[in-house]
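K.L.:
Residue numbers (the working numbering), protein chains in the order written: chain A, 451 to 611; chain B, 451 to 611; chain C, 451 to 611.
Source of the hints: derived by calculation from the structure; they are not laboratory data.
None of the values given here were measured: they were computed from a predicted structure.
Careful: at least some of the hints might be erroneous.
Which copy is meant is left open, because identical chains are indistinguishable; a pair holds if it fits in one copy or across any two.
Under the rule of at most 35 Å between Cα atoms (straight-line distance), these lysine-lysine pairs were calculated in the DSBU-like manner [unchecked claim]:
| id | residue 1 | residue 2 |
| --- | --- | --- |
| 1 | K582 | K509 |
| 2 | K510 | K568 |
| 3 | K456 | K509 |
| 4 | K548 | K507 |
| 5 | K532 | K507 |
| 6 | K519 | K568 |
| 7 | K582 | K510 |
| 8 | K582 | K544 |
| 9 | K545 | K509 |
| 10 | K507 | K582 |
| 11 | K532 | K456 |
| 12 | K532 | K503 |
| 13 | K545 | K500 |
| 14 | K509 | K548 |
| 15 | K548 | K510 |
| 16 | K532 | K544 |
| 17 | K507 | K545 |
| 18 | K548 | K503 |
| 19 | K568 | K503 |
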Amino acid sequence: MDTTTKKTIILFSGDFDRAMAAFIIANGAAAMGDDVTMFFTFWGLNLLRKTEKVQTKDKKSTLQAMFGKMMPKGTGHLGLSKMNFAGAGAPMMKKVMKDAGAMSLEDLVASAQEQGVKFIACTLSMDILGFKEEELIDGLEFAGVASYLGEADEANVNLFI
Amino acid sequence: MDTTTKKTIILFSGDFDRAMAAFIIANGAAAMGDDVTMFFTFWGLNLLRKTEKVQTKDKKSTLQAMFGKMMPKGTGHLGLSKMNFAGAGAPMMKKVMKDAGAMSLEDLVASAQEQGVKFIACTLSMDILGFKEEELIDGLEFAGVASYLGEADEANVNLFI
Amino acid sequence: MDTTTKKTIILFSGDFDRAMAAFIIANGAAAMGDDVTMFFTFWGLNLLRKTEKVQTKDKKSTLQAMFGKMMPKGTGHLGLSKMNFAGAGAPMMKKVMKDAGAMSLEDLVASAQEQGVKFIACTLSMDILGFKEEELIDGLEFAGVASYLGEADEANVNLFI
Numbered sequence: 451m452d453t454t455t456k457k458t459i460i461l462f463s464g465d466f467d468r469a470m471a472a473f474i475i476a477n478g479a480a481a482m483g484d485d486v487t488m489f490f491t492f493w494g495l496n497l498l499r500k501t502e503k504v505q506t507k508d509k510k511s512t513l514q515a516m517f518g519k520m521m522p523k524g525t526g527h528l529g530l531s532k533m534n535f536a537g538a539g540a541p542m543m544k545k546v547m548k549d550a551g552a553m554s555l556e557d558l559v560a561s562a563q564e565q566g567v568k569f570i571a572c573t574l575s576m577d578i579l580g581f582k583e584e585e586l587i588d589g590l591e592f593a594g595v596a597s598y599l600g601e602a603d604e605a606n607v608n609l610f611i
Numbered sequence: 451m452d453t454t455t456k457k458t459i460i461l462f463s464g465d466f467d468r469a470m471a472a473f474i475i476a477n478g479a480a481a482m483g484d485d486v487t488m489f490f491t492f493w494g495l496n497l498l499r500k501t502e503k504v505q506t507k508d509k510k511s512t513l514q515a516m517f518g519k520m521m522p523k524g525t526g527h528l529g530l531s532k533m534n535f536a537g538a539g540a541p542m543m544k545k546v547m548k549d550a551g552a553m554s555l556e557d558l559v560a561s562a563q564e565q566g567v568k569f570i571a572c573t574l575s576m577d578i579l580g581f582k583e584e585e586l587i588d589g590l591e592f593a594g595v596a597s598y599l600g601e602a603d604e605a606n607v608n609l610f611i
Numbered sequence: 451m452d453t454t455t456k457k458t459i460i461l462f463s464g465d466f467d468r469a470m471a472a473f474i475i476a477n478g479a480a481a482m483g484d485d486v487t488m489f490f491t492f493w494g495l496n497l498l499r500k501t502e503k504v505q506t507k508d509k510k511s512t513l514q515a516m517f518g519k520m521m522p523k524g525t526g527h528l529g530l531s532k533m534n535f536a537g538a539g540a541p542m543m544k545k546v547m548k549d550a551g552a553m554s555l556e557d558l559v560a561s562a563q564e565q566g567v568k569f570i571a572c573t574l575s576m577d578i579l580g581f582k583e584e585e586l587i588d589g590l591e592f593a594g595v596a597s598y599l600g601e602a603d604e605a606n607v608n609l610f611i
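Extracted from the complex, chain A is given alone in its bound form:
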């Protein structure tokens, strides 16, 4: 059995429900004293986008601008992986979550940052999707797969979500 209690989570998905699962695990581990690193890649990067429009210094390609417009900004407009009902599923899920006294995704993200969970934004995905650092929330590190692997080598639980 390992003595380390470090955990890493790759958040590849931009689905509301999968993001919830990732942040519940991350917060739970952090609350138990574990070091936790979350690596946001592909659709998972959408969670880190600022909700307001940001004028970027470097221009985006037409396709990147289009992807950027069509994908959700931040945690507020994510869909469900199942039973999405053309977008109605996520608000319904949020309602039952609130009724059950569960933390909101926004609160879970804030709590993770407060508890010192390390957020790494995947630079390769950023290059591909045209996301600039100034478009993403504060408190991030920017790195690639080598950095993820270095973290994972030190961890005893590594999940891909």
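On the provided structure of chain A, position chains B and C as indicated by the hints.
P.N.:
Below, chains B and C without anything else, positioned relative to chain A:
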């Protein structure tokens, strides 16, 4: 290399094909003498629902009742993550599985329980979706993310499916 | 902390974006000197299919032939897990990837093989879907879940994608 051979699987998905993969791995590991814990959360809880209607002591909210009605009960009516063809995909997949002599999902679940695989139902997801203990199959433990993390800390393979 | 640096990846998904993530991690780990094993199962097997039609010795069932016809052959025609736009999403994603100077999926697969990443095709999935060895690309090993678990027991990072 670890000396432990414990395995944990979070079954988040309620897709037939992903559930198949989870139970094939769980049964394989159990057959090799490993301790295996499966943690059922979100859509994965659908697999644990009794197929018959259960009168619950505590009332559900309207939304919870609606979610409950729209989601599959047990392993029999799960859809495929791909090529679902409005529900026709899963029966087709079951047919080719049967023709190939593969175990059915029902048999895999029963075999996992017989081999001592520990089934944990995520209590937070149950609270959110309104699932009560009496609506789920027998032989479950009920616990939250801290319990999952405790199990994962003792394991050398931890998958999120 | 483990001293081993072996990694395993189960590629269950046949989505272009998830396959990209799997191969970027596999190539990154191999470049850092790790042993890497990729286990292709269910839809992930589609990536290993030769693009040309292969006359198989053993007959397939009607359903297997149908599945075979409807599923993509090789890496060229995979869809996106999100924003697929009836097939238009993947070409758009490939365009932004190319513009960003990112490796193509085809190059990543070739690079993984050149770097000695072990490719295991799941024989149970092959039996179910009716895929024959001669229909899949060269350089594969053919094995089942016990073989995967043996590899995972020697690894310190095990992902399910």
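K.L.:
How would you classify K519 and K568 at a CA-CA limit of 35 Å: within, between, both, or neither?
P.N.:
within (27 Å within a copy, 39 Å between copies)
K.L.:
One pair to classify: K545 and K509, alpha carbons no more than 35 Å apart. Within, between, both, or neither?
P.N.:
between (39 Å within a copy, 16 Å between copies)
K.L.:
With 35 Å as the alpha-carbon cut-off, assign the pair K582 and K544 to within, between, both or neither.
P.N.:
This pair counts as both: shortest intra-copy Cα distance 29 Å, inter-copy 19 Å.
K.L.:
What label fits K507 with K582 when the C-alpha limit is 35 Å: within, between, both, or neither?
P.N.:
Within one copy only: 8 Å inside, 52 Å across.
K.L.:
At most 35 Å between C-alpha atoms: does K548 with K503 qualify within a copy, between copies, both, or neither?
P.N.:
both (28 Å within a copy, 26 Å between copies)
K.L.:
One pair to classify: K582 and K509, alpha carbons no more than 35 Å apart. Within, between, both, or neither?
P.N.:
Within one copy, since 10 Å is at most 35 Å while 48 Å is not.
K.L.:
What label fits K532 with K544 when the C-alpha limit is 35 Å: within, between, both, or neither?
P.N.:
both (14 Å within a copy, 21 Å between copies)
K.L.:
Regarding K509 and K548, is the shortest C-alpha distance of 35 Å or less found within a copy, between copies, in both, or in neither?
P.N.:
Cα proximity of K509 and K548: across copies only (17 Å, versus 40 Å in one copy).
K.L.:
First find the shortest C-alpha distance between K510 and K568 inside one copy, then the shortest across copies, and answer within, between, both or neither for a cut-off of 35 Å.
P.N.:
For K510 and K568, the Cα distance is within 35 Å only inside one copy (28 Å; across copies 38 Å).
K.L.:
Within, between, both or neither: how does the pair K507, K545 come out at a Cα-Cα threshold of 35 Å?
P.N.:
Between copies only: 22 Å across, 39 Å inside.
K.L.:
At most 35 Å between CA atoms: does that hold for K532 and K456 within a copy, between copies, both, or neither?
P.N.:
Answer is both: 31 Å inside a copy and 31 Å across each meet the 35 Å cutoff.
K.L.:
Could you place K532 and K503 in one of the four classes (within, between, both, neither) given a Cα distance threshold of 35 Å?
P.N.:
For K532 and K503, the Cα distance is within 35 Å both inside one copy (29 Å) and across copies (23 Å).
Checked against the numbered hints above, the structure violates only hint 3.
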